[in-house]
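Chemist: Going down the list, the sequences are from chains S and D. Take 80 as the starting number for the first sequence in this note's numbering and just add one per residue. Take -19 as the starting number for the second sequence in this note's numbering and just add one per residue.
It should be emphasised that the hints constitute simulated quantities derived from the structure, not laboratory data. Careful, some of the hints might be misleading.
[Unchecked claim] Below, simulated DSSO-like cross-link-like pairs (lysine-lysine); rule was C-alpha separation at most 30 Å, straight line: (1) S:154 / D:114; (2) S:91 / S:153; (3) S:195 / D:373; (4) D:133 / D:66; (5) S:167 / S:154; (6) S:316 / S:153; (7) S:316 / S:305; (8) D:373 / S:167; (9) S:195 / S:88; (10) D:161 / D:118; (11) S:316 / S:88; (12) D:118 / D:66; (13) D:73 / D:155; (14) D:373 / S:153; (15) S:91 / D:195.
[Stated by the list, open to error] Calculated Cβ distances over 10 Å to all of chain D for the following chain S residues: (16) 214; (17) 273; (18) 308.
All C-beta atoms, glycine included, are put in the ideal place defined by N, C-alpha and C.
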Amino acid sequence: MSKTILEIKDLKRDFQMGVETVHALRGINFNVETGEFVTIMGSSGSGKTTLLNILGCLDQPTIGNYFLDGVDVKKLTRDELAQLRNRKIGFVFQSYNLLPRTSALENVELPLLYNKDVSVSERRERAMHALESVQLADRSDHTPSQLSGGQQQRVAIARALVNEPVMILADEATGNLDSRTSYGIMALMQELNQTHGKTIVFVTHEPDIASFSSRTILLRDGMIQKDTKNEKPRSAKQVLAELPVTDDYKI
Amino acid sequence: MDILNLIRIAYRALQRNKLRAFLTMLGIIIGVAAVIAMVAIGQGSKQSIHDQLSSMGSNMLTVSPASNLNGGVRIAGSSFQSLTQKDIIALQKQVQYITEISPSITSRGQAINGALNWPTSMQGVSPSYLDIRKLTLKDGIPFNENDVTTSAKVCLIGQTVIDNLFPGGENPIGKVIRFNKIPFQIIGILNPKGQNAFGQDQDDILIAPIGTVQKRISATIYYQNIYASAANENVTDAAVTEMTSILRESHRLRSNEDNDFTVRTQAELINTLSATSGLLTVLLTVIAGISLVIGGIGIMNIMYVSVTERTREIGLRMAIGARGTDIMLQFLMEAILISITGGVIGVVLGMVSTWLVTATLGWPTIVSESSVVLSFIVCAVTGIFFGYYPAQKAARLDPIEALRYE
Ligand SMILES: Nc1ncnc2c1ncn2[C@@H]1O[C@H](COP(=O)(O)OP(=O)(O)OP(=O)(O)O)[C@@H](O)[C@H]1O
Ligand SMILES: [Mg+2]
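Using the sequences and the hints given, assemble the complete structure.
Modeler: In structure tokens:
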């Protein structure tokens, strides 16, 4: 039994740049069911980030409605939105956005700091657990500058997971990484999606990455051009295993 | 977000820029230290003035010639001559609240002992003066009424004059010194009293019978002051009234004429001086307070820099669920931490410098608890006040814009 988690109705987002109005999104309709793994694709400037920011309750649509888990986001206050981001959404950014000079563990703990229901000891424990799930438990006391790009992104994913969100939003989470590391991230995403039932919306440029998802939405000039179901998504784990060992050195 | 976390986050942020945090604190440190030291010095001098005046005898009354309108021209009190022996006799006859009375004339001059000389003052008084002023002799004997009437050339000597005229340590009793060419035999040594409330050396004095000074030194029939002792502290006001009416009668003043003298009680003098030194304290405190405000502006400045520097961090925190209030508190806590730490260091520095002032300059000081508590509160308030706007700026940032910030 799948339940609709995201519901978007005739969504428009305009940016006012002086006298000019930029129409970043020009009327978008789609629903996402719980447990789906959706990739959003499109050329640069097509409105992917704008859409994801709205889905993540970081931004509000100019026109149209957005229901998250049945709640009309437009009706929420700034603080309620913050609370919603904290409890229901895990955000993964293209540029990792980890706090510098702060250990991996403390970076992962960050969302729990803003959750009153979590005690200090529970916070430690859950952060450690999240780091374990991205295989970085042994690096918990490393600061971002002591980690590789892929490791930093895994810390960022652990941070997105730590509050046990219902939905993970990722904006070009593999954009800065080589293909082997990207596959590693995708394998992690697939695992989160398949074994933990997290809904994932993943923005990417690369069709290669999109092939790991169960559905792909193609944006063009702020409109949905194509919305295709992928009946047989590739397994990132398998692709990773089949990758030649010397692959890294060839490119 | 609980307070412990807030403190930890703020502490971390400051730790990353230790020097900058310290320089920011410096304004507060100096401000608080200044407030504490200034108040301590002010309070100390106030207390010592009070103690000294009380030790002079809290039931002492002083009569001075007053300025008076004379054909519309106001004449300075000191140049006005109205107190004479007639007044003393009138007072001695009629008073009931007053136990002792002494006239006083002071004259500046050169005291000479052989080849040594020293500029000092000679005060002519009656024997009761020592009781009124609570002066005591270390050695020798006081002069008596007979010495006054015979204008005997005897005097009592203060410690400072001894130090300058008898540097060898010999006993001055019985020795003859000259004051304005007149020879005086020293018959007694005054116990040292130190500086008075005005910073004058009270031991730089020769005390002689009033008749002697009047005839041989000043050649005047007028007194500069009349000192008196009220029977006890509670009747000083009654004594003032009594003296005033006797003196008015003695001066033949009509009821529509102003007094040509003033009668002051010691309590009045204490109040006047306390008020003056209180004003000084207020002034010093205001100056110190201004430096605190400048310190606060320093905090504000650095907090704005901090908010700008950490725009991305703010954006991230908001994106993962921090409310505006959380961000606000985070930066406010940072400002408060700076100001409170600065305050603690300032309190310590203020106490140390107060102690140094007493140790090196010998100034009396009192570090009052209230000034410590007050400057501490002011610090916290300064932190909140000057940290508020930068913190609010941070709290109002738009998460997306903040995340994009380069
Ligand atoms: N804050 C803003 N102010 C003005 N215009 C904006 C703003 N954000 C986005 N836009 C405009 O909206 C359009 C869509 O931008 P968006 O960032 O969503 O594109 P994108 O699909 O994420 O592109 P990319 O693949 O390069 O990240 C662009 O034309 C962009 O210039
Ligand atoms: Mg984008």
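Chemist: If a hint holds in the structure, say so; if it does not, say that too.
Modeler: Hint check:
no.: 1; hint: S:154 / D:114; verdict: violated, 85 Å
no.: 2; hint: S:91 / S:153; verdict: holds, 13 Å
no.: 3; hint: S:195 / D:373; verdict: holds, 24 Å
no.: 4; hint: D:133 / D:66; verdict: holds, 24 Å
no.: 5; hint: S:167 / S:154; verdict: holds, 17 Å
no.: 6; hint: S:316 / S:153; verdict: violated, 39 Å
no.: 7; hint: S:316 / S:305; verdict: holds, 27 Å
no.: 8; hint: D:373 / S:167; verdict: holds, 27 Å
no.: 9; hint: S:195 / S:88; verdict: violated, 33 Å
no.: 10; hint: D:161 / D:118; verdict: holds, 26 Å
no.: 11; hint: S:316 / S:88; verdict: violated, 35 Å
no.: 12; hint: D:118 / D:66; verdict: violated, 34 Å
no.: 13; hint: D:73 / D:155; verdict: violated, 38 Å
no.: 14; hint: D:373 / S:153; verdict: holds, 24 Å
no.: 15; hint: S:91 / D:195; verdict: violated, 111 Å
no.: 16; hint: 214; verdict: holds, 22 Å
no.: 17; hint: 273; verdict: holds, 25 Å
no.: 18; hint: 308; verdict: holds, 30 Å
The earlier numbered hints that this structure contradicts are 1, 6, 9, 11, 12, 13, 15.
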